[in-house]
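K.L.:
Turn these sequences into a full structure, and let the hints steer you where they fit.
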Amino acid sequence: MSPTSSPQTASQTASQTAAAQTIETHVPARLDRLPWSRWHVRIITALGASWLLDGLQVTLAGSLAGILENKHGLGLTVPQVTASASTYLAGAVIGAILFGWLTDRLGRKRLFLITLATYSLATLASALSWNFFSFAIFRAITGLGIGGEYAAINSAVDELIPGRVRGRVDLVVNATFWGGAAIGSLASLFLLGSPSIPPNVGWRVAFSVGAVLGLGVLMLRLGVPESPRWLMLRGRTDDADRIVKGIEEKVEQHHGQLPPPEGKKLRLHVRHKTPWAAVFRNILKDNRQRSFLALTLMVAQSFFFNSVFFTYGLVVKRFYGVTDQKMPLHLLPFAVGCLFGPILLGRLFDTVGRKPMIAATYGISGLLLIATVVPFALGHLSVRTLDIRFTVIFFVASSAASAAYLTVSEIFPLEIRAFAIAIFYALGTLAGGVGAPIFFGELIASGIRWHIGIGYLVGAALMLLGAICELTIGVEAAGQSLESISKPLQSE
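Following the working numbering, the numbering of the sequence shown begins with 401 at its first residue and continues without gaps.
27 angstroms max Cα-Cα, derived DSS-like pairs, lysine-lysine: (1) K887 with K665; (2) K664 with K650; (3) K755 with K887; (4) K509 with K665; (5) K509 with K673.
Here are the in silico distance ranges between beta carbons for each label pair: (6) R442 with E876: 29 to 39 angstroms; (7) L586 with W436: 26 to 36 angstroms; (8) P660 with I854: 58 to 68 angstroms; (9) D686 with L506: 21 to 31 angstroms; (10) W436 with K665: 22 to 32 angstroms; (11) F590 with Y720: 17 to 27 angstroms; (12) L586 with A517: 23 to 33 angstroms.
Treat the hints as calculated values from the structure; they're not laboratory data. All residues carry an ideal CB built from backbone N, CA and C; glycine is no exception.
P.N.:
In structure tokens, the structure reads:
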């Protein structure tokens with residue numbers, strides 16, 4: 401009896417194991433059917449603050465560029481100031497890859513707490529810098545935390561927000577970068593211009609502001625749940641259902657009974673980690689056209705923003721004689737323009753569609769910058785006129801930059817979403833961001849306007865290339881669920 405029953409028992413065991421490794425879930429449909437609610441606002445506030453902090457950091461570095469050069473700062477040279485910006489970006493690249501990989505392995509919540517803590521402590525350390533080497537190291541660690549934020553936060557936001565409003569919400573969340581930039585400009589203006597605060601203290605206090613804000617946001621994030629979509633991949637259906645049920649109960653308090661989820665349940669094979677072979681096969685083979693699109697959009701916006709924004713303070717100081725105390729006044733206007741661009745244009749990404757809006761914002765940004773190069777190089781623009789032109793340019797370009805992150809987070813499968821964001825952010829930043837401040841630092845040091853104009857033309861050409869790529873191979877994702885845009889690797 402034993403010889404005949406053993407194969408049957410083994411077969412039953414194998415069937416039970418396979419069944420245990422396969423789940424059916426309505427989690428994505430339940431999340432996508434939710435109406436916009438106060439719960440969503442609280443979650444977006446807690447998560448979106450990461451871009452506010454990044455904007456604060458970039459603007460502080462730009463506003464303080466002048467004072468870091470003199471005796472009240474650290475006595476840095478122009479190349480050292482721009483090099484410190486590059487170390488920040490290099491740290492962000494490393495942080496994105498490291499923490500992006502961990503976000504897919506360990507979960508969204510754990511990582512967006514770790515990355516924010518890293519940012520806050522390193523920002524505080526930046527305020528205590530004593531020379532170029534220490535400042536560069538602390539800026540690199542600050543970038544490490546911010547780079548990790550990009551992957552963890554974009555993943556969490558997209559996986560918690562209903563598909564029909566995901567475009568505008570993602571753009572507004574990314575636009576909070578410019579809210580931070582505006583805060584940084586105002587804080588710098590007060591700290592550097594106040595007679596009661598010595599200049600050698602003001603710049604240190606300015607960096608400390610970022611650390612304090614970071615710790616405050618960390619407290620808010622403790623109430624943000626893990627992504628139910630990530631939990632379902634790991635077979636933790638009870639935890640995913642519990643979180644979604646809690647969200648539904650909060651939403652029903654203000655919107656009444658919710659309709660049942662539509663469509664069939666998603667059927668998934670449980671896998672606790674995605675093999676590297678599957679990750680790179682999807683990015684380099686199965687989705688290579690989407691990968692090219694993602695890389696092009698990321699490189700274009702990274703070079704465009706990092707070349708201009710990190711060095712604008714040095715440009716207006718060198719060519720227009722703007723003082724350190726008045727520097728924030730010239731960064732504030734187009735920081736405000738960048739903030740309101742996605743807020744006012746974001747709705748169109750869900751109604752008009754991704755492809756036409758992404759192509760339009762990339763293309764218009766490039767053309768407007770080209771139209772600015774010649775009059776700037778010929779010395780025909782006053783500093784106020786230059787401020788206005790860049791405010792208009794960045795009003796449009798900020799939506800384009802935000803759309804690049806939106807695109808990457810939508811077009812790759814759930815299992816590798818955070819890592820894909822990290823990879824293309826890193827590649828885009830390495831190709832278009834890390835070298836841009838150093839490149840422009842040398843152009844500014846030359847003292848020749850036409851040299852800077854050529855640098856601007858490179859940025860404009862990259863934006864036009866991004867527009868062409870979006871028109872030809874872009875993915876229309878407006879109003880669709882994440883799982884329909886890119887099928888999970890573990891789905892049947």
